[in-house]
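Protein chains: 2
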Amino acid sequence: MQPRFSLTADLVFSKEIPDEALPAIERAVEEANTVLFRKGVPKDAPEDEIGRITGHSVAGAALTLTLVSGGYTRVHDALFRFRKHVAGLLGRHRIGLRDLVVSDYRVELRGEVPEGLRLPVLPFIQSAECGPERIDLVLAVSAADLENKIPDRLIRLIEEKAEAAAYGGKTEHWELVYESPKREHSYREDPTAEMIRRGWIKHALSRGQWIHGPQSTRLFRTFEAIVLEEIIEPLGFTEMVFPKLVPWEVWMKSGHAKGVYPEIYYVSVPKTRDPAYWEEVADYFKVTGEVPIEMIREKIDGPIGGLCYAQCPSFWPFVGGTTLTNDCLPARIFDRSGTSHRYESGGIHGIERVDEFHRIELLWLGSPEQTVETADLLHERYRRLFDEVLELEWRSARVTPWFMAQEGMLGGEGSERIGTTDYEAVLPYSDSWLEFQNVSVNGDKYPRGFNVKVQSGQDLWSGCSGIGLERWTAAFLAQKGFELDDWPAPVRRRFGDAHEIFRFV
Amino acid sequence: MQPRFSLTADLVFSKEIPDEALPAIERAVEEANTVLFRKGVPKDAPEDEIGRITGHSVAGAALTLTLVSGGYTRVHDALFRFRKHVAGLLGRHRIGLRDLVVSDYRVELRGEVPEGLRLPVLPFIQSAECGPERIDLVLAVSAADLENKIPDRLIRLIEEKAEAAAYGGKTEHWELVYESPKREHSYREDPTAEMIRRGWIKHALSRGQWIHGPQSTRLFRTFEAIVLEEIIEPLGFTEMVFPKLVPWEVWMKSGHAKGVYPEIYYVSVPKTRDPAYWEEVADYFKVTGEVPIEMIREKIDGPIGGLCYAQCPSFWPFVGGTTLTNDCLPARIFDRSGTSHRYESGGIHGIERVDEFHRIELLWLGSPEQTVETADLLHERYRRLFDEVLELEWRSARVTPWFMAQEGMLGGEGSERIGTTDYEAVLPYSDSWLEFQNVSVNGDKYPRGFNVKVQSGQDLWSGCSGIGLERWTAAFLAQKGFELDDWPAPVRRRFGDAHEIFRFV
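Heads up: the protein sequence lines correspond to chains A and B, in order.
Mapping the first sequence onto our numbering, position 399 (from 1) lands on 999, and the numbers just tick up by one.
Mapping the second sequence onto our numbering, position 138 (from 1) lands on 738, and the numbers just tick up by one.
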């Protein structure tokens, strides 16, 4: 959509602007419109697209300016250029610039407005009107907002929304890459129900959360050992420990802050650790046997962030703001030090969809070629693992990764390998496919977000692969059932004689 | 302190109480005061300590009662006994009981009131006056509050506070159990500073949180392997996976809800997963580059609970509400599946005091004898491990466990083995002692809280031992330094050639 801007603002000086300064101001306005605002503008840009001052007046200590523009030297950029220029001029008269007050800011967006476009509701937007071929916005913005590029980002956001509305929302791309041989499945039951019946797992007290007994835990550890032996050790991934509480700053840099909110478990901290401050909460519980939720709400700050969602963002501050030596690339690391949490949609699900889960996260960094090569090596090893070791019926498919969908990153040079490959296993009991892990090549997204460079000055890319132990368990048991004799030997051998610890009357 | 209660309440019936019912009510009051309220009261109880009806009057459909009591058949208990009795009587006149309205409830506590006693501030307390030898309370309580024993719990709470004030707060008991031989410490630096210098760890972006690089992680895994080999396998502990998000219900049953609030990382969930509901938050971030904390606060529910604090409470729903067979005891299990989080006091600390940490939690259940025996076996093995394998300078001491301090559980039959033993290591650089792990015998606290029984009908006890990997690391490196040649062979061998992955320009 084509934007048109208009802006009225007062430049407020330290004292009354004297008459002898007026000619200089006149000349400055003339020069701004003919020279200053044209810097960096392509020669063939239409005249009326370029920012210009259309009115100016002096009253006391204030110089009031009105500007208009299209897409080139937008009014706020023009205003800042002029401010710098005129402040210098008036400095010679010993008058200093004290303030910049924006009294009016309007944006008009011209072009087809798709049906169903929902304009953002934000404090900066004083009014918004939407016609079939134009959107009129009146903004309430301060000078600081303008320096922070609020209008530019706002227009980009509206354009994104318009595009999404035009294309009918997110229709995720899905393209088959590999399909394993079909297999006979003698077992056709829901494995979660059977795990519960056998006492392998029990519902914990929060939603989508299980307590794993010895047998289920042993199966997790069996898969972990197989991943270590077949993937992690041969490809030289080294273990690290990534934090599991994620403050906003991490998600701001990783890009998750653009849209992860509906699925987050949020974390807040006490306003103070002073026991006296919390005494009434403890007293309330002691007297009533109930925890006073509302009272606690008042006593906590934040949220400061949330629980681990994607696992790899928390790694990046380890290298954030640094320049890596060439010889430490490609770098391959992994983390398996804690839980991930997602606020999943309601209702009862089995272990294939849980709010709290356990994942081994692989992460690698390198040049674009090194990053793609690691992904290819992983695909090769996973394929062998699922076909020959776990003997699963599975497939893989390229899908649009979340951040591309959200950031319009699709297309662009050398980006054809950027994206996510989902691994899916068939669940015979429901005749459906379950995504049980993935491999992503993330391009320069994370190095850019966390400001990581390479000594050589070349592009730095990264990739990640999340191995979900609950999902592996769901896929494996759904296809192989609970008769250990039917299990592939490498799993049976490692699982061993996992026995129950608790028996109930 | 000696309590005296007085209560005025209306029993409201379905229709006007007819005159012919009045003699029966008279008789009921007489009978209550002489027989009904004396049931269960010791013969030698002073007359004026026993609940009695001191006034009653009928107006329309309401029977208004005034009761007084000391500690026996307290006024609310007396009221409920009388209600049941009189409802039966009036039922014969085809009049039903419809409501019970408490119009006045006062408590007077007589006895020495310690200086510095802070009375609880709670919605039930309409007014409270504190003299040197008495406390006068006027309560605002409903019939449901009375059935929920609010007055009894409130008085117990005030008595606890009075006791704490009298004894000058928590002076934790500490009694040396064992002291290892003194050792020469050639290394006398702060290990955290050196770990940072060597790139083993970096500050993560939330407080008290570290990202562990390959070497630090390898040290964690080395300790874990030693614990598995020296403790877990020989004593037959079996791995389970305990949840890491802890809803209130768990802490209500474990007793943590009595006082853990100042140190909790609280968790809240979205009011809805509807993306449209969260769009303005995402839009705000996209336009400003800032996460709108206040906007998010309005859009989340809860807190629903908090992050793992003590690790073992989350296990208990696995056996909650069941009766265990005799032959599955003693049961020994452990968990190492994720992080624990404590909101520690501010300022900069090294890895010896962190907000996010990693712990192997051992947990065992059995008869009192079995539970104590497991604790003794653990002490024996830990002693060998720290003296002969890790070659640390350390000591152990019996301390008052938190729940005893909070629940006045000290003393009582067979309880001399209930309690916590802290393990402390000397930090040569600061010449101080660091608690690096503990062993607790918790008595029947958890089985009682989670309602777990044994087939035999005998007492069920439990114990737990938390092995903090950050604390082990801090203690070990503080005493042994960073020269691998100075390390004990079993650690050096397992640590191997842990090398750095990332090098910086």
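Simulated from the structure, these hints should not be mistaken for laboratory data.
Remember, it's a predicted structure, so these values are computed and weren't measured experimentally.
Treat each hint with caution, since some may be false.
Since the list gives no way to pick out one identical chain from another, each pair is judged satisfied if it fits inside one copy or across any two copies.
What the hints assert, rightly or not - The calculated lysine-lysine pairs, modelled on BS3-like cross-linking and capped at a C-alpha distance of 30 Å, are:
id	residue 1	residue 2
1	Lys802	Lys1045
2	Lys899	Lys749
3	Lys1045	Lys782
4	Lys1045	Lys886
5	Lys871	Lys853
6	Lys858	Lys886
Hints, one by one, checked against the model:
{"no.": "1", "hint": "Lys802 - Lys1045", "verdict": "between (40 Å within a copy, 22 Å between copies)"}
{"no.": "2", "hint": "Lys899 - Lys749", "verdict": "between (35 Å within a copy, 27 Å between copies)"}
{"no.": "3", "hint": "Lys1045 - Lys782", "verdict": "neither (37 Å within a copy, 53 Å between copies)"}
{"no.": "4", "hint": "Lys1045 - Lys886", "verdict": "between (50 Å within a copy, 16 Å between copies)"}
{"no.": "5", "hint": "Lys871 - Lys853", "verdict": "both (26 Å within a copy, 25 Å between copies)"}
{"no.": "6", "hint": "Lys858 - Lys886", "verdict": "between (42 Å within a copy, 6 Å between copies)"}
In summary, the structure is inconsistent with hint 3 from the numbered list given earlier, while agreeing with all the others.
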